[in-house]
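Student: Here is how the chains run, residue by residue.
2 protein chains.
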Amino acid sequence: METNALYAAIDAHLETNISELAAMVAVPSVAAQPDAPMQAGAELVAALLEKRGLTARILPTVPGAPPVVFAENRDAGVDAPTVLFYNHYDVQPAEPLEAWDGDPWTLKRDGDLLIGRGVSDDKGHISCRLLALDAIKETNNGVLPFNVKMLVEGEEEVASVHLPDWIAAHSALLNADVTIWEFGGVDTNGRPEIICGLRGIAYFELHAKTIAYDAHSGVGGSVLPNAAWRLVWALSTLKTRGERILLPGHYDAVLPPTDADIELLASLPAEQEAFMRREFAPLNGFLGDAQGVEYQRRAVFEPTCTINGIESGYTGAGAKTVLPATAFAKVDFRLVPDQDPEIVHQSLRQHLDANGFPDIEIRYLGGQKPGRVDPNHAYVKLAADTARDVYGKEPCIVPMVGGSGPIYPFVAGLRQPMVTCGVGYPGARVHAPGENLRVSDLVMGARHTARFLLALCDSYGKE
Amino acid sequence: METNALYAAIDAHLETNISELAAMVAVPSVAAQPDAPMQAGAELVAALLEKRGLTARILPTVPGAPPVVFAENRDAGVDAPTVLFYNHYDVQPAEPLEAWDGDPWTLKRDGDLLIGRGVSDDKGHISCRLLALDAIKETNNGVLPFNVKMLVEGEEEVASVHLPDWIAAHSALLNADVTIWEFGGVDTNGRPEIICGLRGIAYFELHAKTIAYDAHSGVGGSVLPNAAWRLVWALSTLKTRGERILLPGHYDAVLPPTDADIELLASLPAEQEAFMRREFAPLNGFLGDAQGVEYQRRAVFEPTCTINGIESGYTGAGAKTVLPATAFAKVDFRLVPDQDPEIVHQSLRQHLDANGFPDIEIRYLGGQKPGRVDPNHAYVKLAADTARDVYGKEPCIVPMVGGSGPIYPFVAGLRQPMVTCGVGYPGARVHAPGENLRVSDLVMGARHTARFLLALCDSYGKE
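These protein sequence lines are chains W and S, in that order. Residue numbers for the first sequence follow numbering that gives the first Met the number 0, so the first one is 0 and each next one is one higher. Residue numbers for the second sequence follow numbering that gives the first Met the number 0, so the first one is 0 and each next one is one higher.
I should point out that these hints are in silico values taken from the structure, not numbers from a laboratory. For each residue, glycine too, the CB sits at the ideal point set by N, CA and C. Any given hint could turn out to be false.
As the list claims (entries may be wrong) - A short list of chain S residues far from chain W (calculated; beta carbon distances all over 12 angstroms):
id, residue
1, 154
2, 157
3, 276
4, 341
Unchecked claim - Here are some of the chain S residues that sit facing chain W, going by a computed Cβ distance under 10 angstroms:
id, residue
5, 74
6, 75
7, 76
8, 206
9, 308
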């Protein structure tokens, strides 16, 4: 049987792909850090794609920024479907390093677990795609029955700052029937998830500077303005303790979820909520005591404002009596349709000015618009049908997730539907110490990816 | 003439004392840092005191804490006055290191300037006392005409946490006619200052922990409590933007300055205010737009609440989308008579609980009560009279300063008057990068110290 042969081929190529994944993890391609080896990360991915018979190019976005890897194979011709894979070779910083059990840049194998920075987000997904292509070629006389385009960017973890412009400038190159998104996988029950939307984001640094240099807190405490206090007071005006964001007009463009969205949320398993509660043990429970459908709604359809980091003054051991001259915080706003990060940037400035903080400098590190695909789209259904068959469980159609990504230039800019399949699971600790991937998920993700691609070929032109 | 001989002797011993100061600066005796070489700092000071013929002992306070150096010479007998010098061999941390022009632990000489951590606060003051003793001995047949007790502690920069108990347990050992305080010097006009009071302090760390480990800000931003937000909101309740501290009853014990205090403040030169404005270039001027006597009053007779440092989450380069599990801040409260740090500790807990922050953990790093000597005391007058003669300028009698120190156990515990003389000046950058001492101030401070001691002998028993 064809499926058995396909799965056998995945098994046969598994160890080679894990070795290649180890090589990718070994490149600390942290887009947030200026001296990270981004070029090396791009070159390794390009080489792995060339090895599969794709023609790979490393293309610049803007000078000095991590390049884009673009690879393609149009051998299947105009009568076959064309699929665009979107992935990224950059990763989050590994800090705090001491919280890892070992070196985050050395892939560690522990039973079914592969551990290392980027092993799930997103190098494991690149491996998943490569493994699927390997297996399809092996069971199809060495050729792919569809055209492949593969876009692997290097700035996903820094809000894909240059990708929307690059996509707009290369839309003809990227034309395809469907985009396979960079993530996917299973929930706490092992049910496959098909993700239909991503929130947007606007990421800022806020900087306060009040005096020429740090002062003694005794002499200065009574008379000199304190940058840490300025920043704390400014931040405290951004959001109520009830989580209501206070920027002017911040909720004006928010589209509430439809009845169909709420129905999909209601059909999602309750175990995700229980997992989050158990894993993170949140103080006094979830924000707003949210539960059930309200938890699901709040988790994805509400805008957020998160302090990602803050620093000022002396933070070493013991008591240093200093009055800080400077302070800064990193803050992200998650956006829901149809909020716009550029408008958030403007209203943040207006808000700080209106609240007496014209001195707080805003540095806009990047933003992304939210975006969605219709949960009823035929390719979403195809992804769900193949997932049901591969995993043997009813897939979850997720109308929106809490995270962000450069979905807008694909679904709105290229006007292409997107579907998800992949190797993630809720214990993967993405962005955190101990990031991991289950080998069994890598196998299942490759099966689903391959089965979706083959089903796409079967259905192509019959719609 | 005797004074000429004294001053010539100071000049003769100057270079040796600067070399000894360089040796003291080379010991990074940062009391705030657990692995600092505090014992080495104590031993070096003890050796320098022994070299002057004092009997020095290194005495413990509590196990593991930096020891106290106590040295004495009672050769002058019961008919001569006894003077207690209070100094400290510990220093502030040197961070941020990159803000120094060179190694902060290598004494750098640049014309009249000596630069290095602790060169003014307080190792330069130890040198000033040693230089004065050297000169008096040389011009008095090798003997001191007064009894000396010298207490050099190692925890002044961490709020002298163990000193009050140690003083209480050694009050007989410390009995003296007057305490010469660890600092002093000139103002922006070169006028000598005689300081009569110090504010108290209560130093805390506030810690927030909301979830088990850092979460992704996308997944977590809507539903998980954020430690940085908790801390920012908690801090924002401590003080209004108008600098009013909101702890319950915080101003109840505050004694306003007397009319005599205000008169002394009014007689202080306006140039100090101008210096602070020029040096620190405060954003929008001083807090509360204070000027003149109101500036002087506010600078020393108002309680303060200063954020010394704050840290949470990711503070490296670029955009990391993390939701922090933990956050902490360092906060000091400066206290005026008759506020009490233990009561501030209690009311801080009450305040956080009452404002919905029972989860914010308070770590009390230490406190000191405020204290004063009567500005009309005979020895204050003697210090002023000798200063007038040495500096050739009218001294400033300063009723209170903004900084803190362990004054309370001396003036209230030992019931001894205190006077100040020293080597400081407003550009010394104490506690900041670039801490410096003018060689000319070292000479003048030693002259004043010696002249006060000799005048004390002359007046002794004649009162």
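Student: Does residue 157/S really sit off the interface, with its C-beta more than 12 angstroms from all C-beta atoms of chain W?
Tutor: For residue 157/S, whose nearest Cβ neighbour in chain W is about 5 angstroms away, the distance does not exceed 12 angstroms, so it is violated.
Student: Under the criterion of a CB-CB separation shorter than 10 angstroms, is residue 206/S in contact with chain W as hinted?
Tutor: violated (12 angstroms)
Student: Minimum Cβ distance from residue 76/S to chain W below 10 angstroms?
Tutor: Given a least distance of 39 angstroms, the restraint on residue 76/S is violated.
Student: Against chain W, run the beta carbon of residue 75/S and see if the smallest gap drops under 10 angstroms.
Tutor: violated (36 angstroms)
Student: Against chain W, with CB atoms and a cut of 10 angstroms, does the hint on residue 74/S hold up?
Tutor: Check failed: Cβ of residue 74/S comes no nearer than 38 angstroms to chain W, outside 10 angstroms.
Student: Would the least Cβ to Cβ distance between residue 276/S and chain W come out above 12 angstroms?
Tutor: Nearest chain W Cβ is 9 angstroms from residue 276/S, so the label is violated.
Student: Just checking, residue 341/S versus chain W, shortest CB gap more than 12 angstroms?
Tutor: holds (16 angstroms)
Student: Decide, holds or violated, for the assertion that all CB atoms of chain W are farther than 12 angstroms from the CB of residue 154/S.
Tutor: violated (10 angstroms)
Student: Does residue 308/S pass the interface hint, meaning its C-beta sits closer than 10 angstroms to a C-beta of chain W?
Tutor: With a minimum Cβ separation of about 3 angstroms from chain W (threshold 10 angstroms), the hint on residue 308/S holds.
Against the hints set out earlier in the document, violations occur for numbers 1, 2, 3, 5, 6, 7, 8.
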